[in-house]
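Colleague: If you read the protein sequences in the order shown, they are chains A and B.
Residue 125 in the numbering used here is what sits at position 76 of the first sequence, and the numbering runs on without skipping anything.
Residue 251 in the numbering used here is what sits at position 61 of the second sequence, and the numbering runs on without skipping anything.
Source of the hints: derived by calculation from the structure; they are not laboratory data.
Among the hints, erroneous ones may be present.
Restraint-style ranges between C-beta atoms, simulated for each label pair [unchecked claim]:
| # | chain 1 | residue 1 | chain 2 | residue 2 | range |
| --- | --- | --- | --- | --- | --- |
| 1 | A | Glu60 | B | Ala345 | 50 to 56 Å |
| 2 | A | Asp83 | B | Ser340 | 19 to 25 Å |
| 3 | B | Arg418 | A | Arg88 | 43 to 49 Å |
| 4 | B | Gly266 | A | Ser61 | 20 to 26 Å |
| 5 | A | Ala69 | B | Arg413 | 18 to 24 Å |
| 6 | A | Glu96 | B | Glu338 | 47 to 53 Å |
Each residue gets a CB set at the ideal place from its N, CA and C atoms; glycine is no exception.
Listed here are the chains, written in short residue letters.
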Amino acid sequence: MELSVVTGRAESDGGVPHGARLIAFTNAVLGSDDGAIARERTALRAELSPDAFVDVCALIAAFSVVDRVADATGIPLDPMLHAMSGDVREELRLGRFRSAANTPGAR
Amino acid sequence: MRELDYDGAPAPVREDLKEAHRFLLDHVCAPGTWWTGRQRVAIAAESRRASRCGLCQARKESLSPGAITGRHHADGELREDVVDAIHRIRTDPARLSKTWFEGVIAGGLDVGPYVEMVGVTTIVAGLDYFARSLGIEPFALPEPLPGEPSRYHPAGAKPEGAWVPMIAPEDATGPEADLYGDAEVVPNIVRALSLVPPEVRALRRAADTHYVPVAQIPDPSVRRALDRPQMELVAARVSALNECFY
């Protein structure tokens, strides 16, 4: 996976099947334009199987929960993940997020 | 059994997801550890209301959320400081800070009730985002169930480096023996709500069905109808948009 698609710096599939559509739909759902959600839903639904489309909806729901739980409880990144993810964190510039302060040495 | 309305969905919803949604709504309306069923449903309603709150929108657009003063559109069931915390967690989680958390606690909300409030607020956020993604109306919030909170404090909870005390895997014994299942590694996100164990069980139920069971996360061959790179791409994009470091 090309990490630039995660940050929105690229408009390609990022090496993931239907990656651009998945990103566009996720952006729309977390945005405020209901028309954009409807358009992107139709476009994504046309490319994925019904079960895969529902999986996308479930994942957006799951990480909307997980992110808020993490940010509201101030949990640090687990030491093993911290040690393994240095390159990814640097490429995605995750240290700029305020919640990075919850993990010692992350900034 | 609670009937939920998926009318208008452009694709059929898996039965395990439907069961999880019923479980989560039943969990929300039942008396909790520190809040009554009525208060928990009020927290749920406030979480949903926050997504349409004018004050929250103005704060979100401000360089500093503290620079914008005003009142949320609340129904009066909960204290204003609790309402404010719910709205902040729901609408602007990326700008929560330890200083903010300490202010909430100094304002009179104990840590146990805070953790339970986080659990209910985020469950409803997840249910609402599922409905929004799928293109259906948000699920109706349930009627509260009668009864008193248990006021249970798990003996194993202690400072673990987060803002809130947590139960380490080796301390998850007795009533908490089931808390982390059979995962070899228990990440902090699973421990985060463990000061209020029922909220961990609810979070796990939600994550197991909407993502993958925690014990299977390290196995890259575990997938659903989406393949694993597609799953991780969506997950990572949600977290990037939420500016979540974890």
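Colleague: If a hint holds in the structure, say so; if it does not, say that too.
Modeller: Here's how the hints hold up against the structure:
no.: 1; hint: A:Glu60 to B:Ala345: 50 to 56 Å; verdict: holds, 53 Å
no.: 2; hint: A:Asp83 to B:Ser340: 19 to 25 Å; verdict: violated, 40 Å
no.: 3; hint: B:Arg418 to A:Arg88: 43 to 49 Å; verdict: violated, 27 Å
no.: 4; hint: B:Gly266 to A:Ser61: 20 to 26 Å; verdict: violated, 50 Å
no.: 5; hint: A:Ala69 to B:Arg413: 18 to 24 Å; verdict: holds, 20 Å
no.: 6; hint: A:Glu96 to B:Glu338: 47 to 53 Å; verdict: holds, 51 Å
Hint compliance for this structure: hints 2, 3 and 4 are broken, all remaining hints hold.
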